[in-house]
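Participant: Given next are the chains, with one letter for each unit.
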Amino acid sequence: MADGTSVPADMIAAAPREAVRRGSMKHLARRKSSVAFLLCLPLILLITGFVIYPAFYALFLSMLNKKMTAFVGLGNFAFLLKRHTFQLVIFQSCLFAVTAVVAKALLGFIIAHLMHNIPGKNQRIWRGLLLVPWVIPLALSTLTWWWMFDPSYSAFNWVLNQFGFANVPWLGVGWIARACTITVNVWFGTPFFMIMYLAALKSVPEALYEAAAIDGAGARQKLFFITLPMMRNIIAITVLFSLIVTFADFDIVRILTGGGPQDMTHVFATYAFQVGIQSGDIPLGAADSLFMFPILAFAAFFVLRGVTQRTKDIAA
Amino acid sequence: MSAQLEKPPRGSAMGPMIGELSPAHATPVVSRATGSAAASGTTHRTSLHRQRQWALWGSYAALAVFVVMFLMPPFYTLMTSLKSSAEISAQTGNPWIVKHPTLDNFWYLITYPNFQTYYLNSVMITIATVTISMVISVLAAFSLSRMGFWGSNILSTGVFLTYLIPPSLLFIPLFQIVGSIGLINSVWCLVLLYPTLAVPFCTWIMIGYFSSIPKELDEAALIDGASYMQILLKIFIPVAMPGIIAATIFAFTVAWGAFLYPLAYLYTSNQMVLTVGIISDLIRGDVFQWGKIMAACLLASLPPIIIYAFLMDYYVAGLTAGATKG
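Note that the protein sequences, when read in sequence, are chains W and F.
For the first sequence, our numbering gives the first residue as 155, with consecutive numbering after it.
For the second sequence, our numbering gives the first residue as 13, with consecutive numbering after it.
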């Protein structure tokens, strides 16, 4: 764009023309930004219409009574917090999300390292095999898990019987059922961590390891002083993304246990579904699911602050 | 530009530095342990070589264990789907293998009108969702990465933050909203709602790919008198094709596998999609037709598996490109 670069000597003679041109440049710039805005409009409408508006609408709904005729303020939230079932829901949601994300992060890290060890030309097929759990729609693979956990003639119990152990009521006892839901989530989510970490491992410059080896660094030192610091941002972002998805998980618990036994495996999403859609108490369901937002926002704030801090440190 | 096009292959290439992770100073220890007291150059190298070989085979063995664990459920799905109802209800013998394989379950489903409807609905909704999501996110990403307007920076970071409001929070207010516009129990409500799940991430992927295109390219086109639409269609979309493929696969995955929205908003079998149709149709009270359920799961997982088998490199590159850059 040649705007404002004219030679001063020509200024006087070309003044009127220059003014016209500058005007048209400004016009063009304005047109450009309005075109830009128009291109973003579908996105803005979609997000406002089906994410932001419903979120505020949920806030409004959560302050109504069951028949949605009267305003009860924070009554629904207070009611939920006093209820034992809901206390279980909070506990199980946090347990489910934290345990599953930590397990996925660790397993993903180990598998990514193993993959990094083998020659590049063989990696593709192994990666393809390991990505299968993540490719199958979760609702469908959970059905298979349900069938494998079946108490009467299940695949797992048969194996246990072969080794002389008694049948385990997989989904019938609270803590075992909790472990089962976490297992399914770990099985589904580990491949995602694996590919993210593998990409991160490959992006660490080989020269750093060579320099460390010359300085006499061992494998553990290389891991803690090169690999992990170099991967910190990607670990943080992957964990945050997975935390959001795991915390909001619905499919696994809904299909595997439906919240039982004794409401011990309910998470926010499944409990909201049971209260809001199945029992028809929409305000209570909305209040229940709204508890997710502050927890997620809290986690996101700290993770993203750390990431931007580190990015700034690297840039400086 | 060429770097952009080479991205997927780069994902699978790597330096085979197997020994790098093993401690360098451990080598003398190993050679002493193997008894080669005269540590000449050759024995030194062979013991290092052997150590690398062990690390390699160890990695393969560990990976094999993980593959077995990861593929156990799909394998069991396949085995059960090949069993007859009689074999399943007999409850004897090893459940992990099929004694009298039969394709009856698959044949039953293929000729079952309800299942055909679910499949057709899923295909239709997925195609519509992918198209809408891609149009919205490509337009927005082009505008956000190249043109900019007042508040566009806030928008490009804000879009990603919408994932902080997950569908399991939104489905209750949306139940009221969908009801008020009369789309309860209609597949069209899914076409409206699914893009909200796909668009933020697709936009993010596309912004990443578009920003890596050199500015000189579109400036040259602008000077030649190209309009923004021409720049987008003739330069950006062809150059960022790997990114578009990655985003399309993401939108497809989301639309094909979503479970909560159809479960909450659809209740008659002519409107259902695969994920909820299989459960509500093949599980009647306490009667579980496991053979048919597993066959249905397999048939329903087929499109994603085929797509990933061919386009996995693009998808993995698209997912990891943004994160490793940031």
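Hints may be right or wrong, so weigh each one.
Computed beta-carbon distance windows for the label pairs [what the hints assert, rightly or not]:
#	chain 1	residue 1	chain 2	residue 2	range
1	W	E364	F	V77	27 to 33 Å
2	F	K111	W	Y207	41 to 47 Å
3	W	T239	F	W200	34 to 40 Å
4	F	M241	W	T462	32 to 38 Å
5	F	V79	W	F456	33 to 39 Å
6	W	D369	F	V77	32 to 38 Å
7	W	R459	F	N106	32 to 38 Å
8	F	V79	W	R374	25 to 31 Å
9	W	G434	F	L90	37 to 43 Å
10	W	I330	F	N106	20 to 26 Å
11	F	A76	W	G460	35 to 41 Å
Hint data in this document are derived by calculation from the structure and do not stem from the laboratory.
Beta carbons: idealized from backbone N, C-alpha and C, even for Gly.
Participant: So, for every hint listed, does it hold in this structure?
Facilitator: Tested hints:
The supplied range of 27 to 33 Å is met by E364/W and V77/F, whose beta-carbon atoms lie about 31 Å from each other. For the pair K111/F and Y207/W, the supplied restraint of 41 to 47 Å is violated, since their beta-carbon distance comes to about 56 Å. Range check, T239/W to W200/F: about 35 Å between beta-carbon atoms, so the 34 to 40 Å window is met. For M241/F and T462/W, the hinted distance range of 32 to 38 Å is satisfied, since their beta carbons lie about 35 Å from each other.
Remark: the range hint 33 to 39 Å for V79/F to F456/W is upheld by a beta-carbon distance near 35 Å. Range check, D369/W to V77/F: about 34 Å between beta-carbon atoms, so the 32 to 38 Å window is met. Evaluation of the 32 to 38 Å hint for R459/W and N106/F yields a failure: the beta carbon distance comes to about 54 Å. Take V79/F and R374/W: their Cβ atoms lie about 27 Å apart, and the range 25 to 31 Å holds.
For G434/W and L90/F, the hinted distance range of 37 to 43 Å is satisfied, since their beta carbons lie about 40 Å from each other. At about 24 Å, the CB distance of I330/W to N106/F agrees with the hint of 20 to 26 Å. The given range of 35 to 41 Å is respected by A76/F and G460/W, whose C-beta atoms sit roughly 36 Å from each other.
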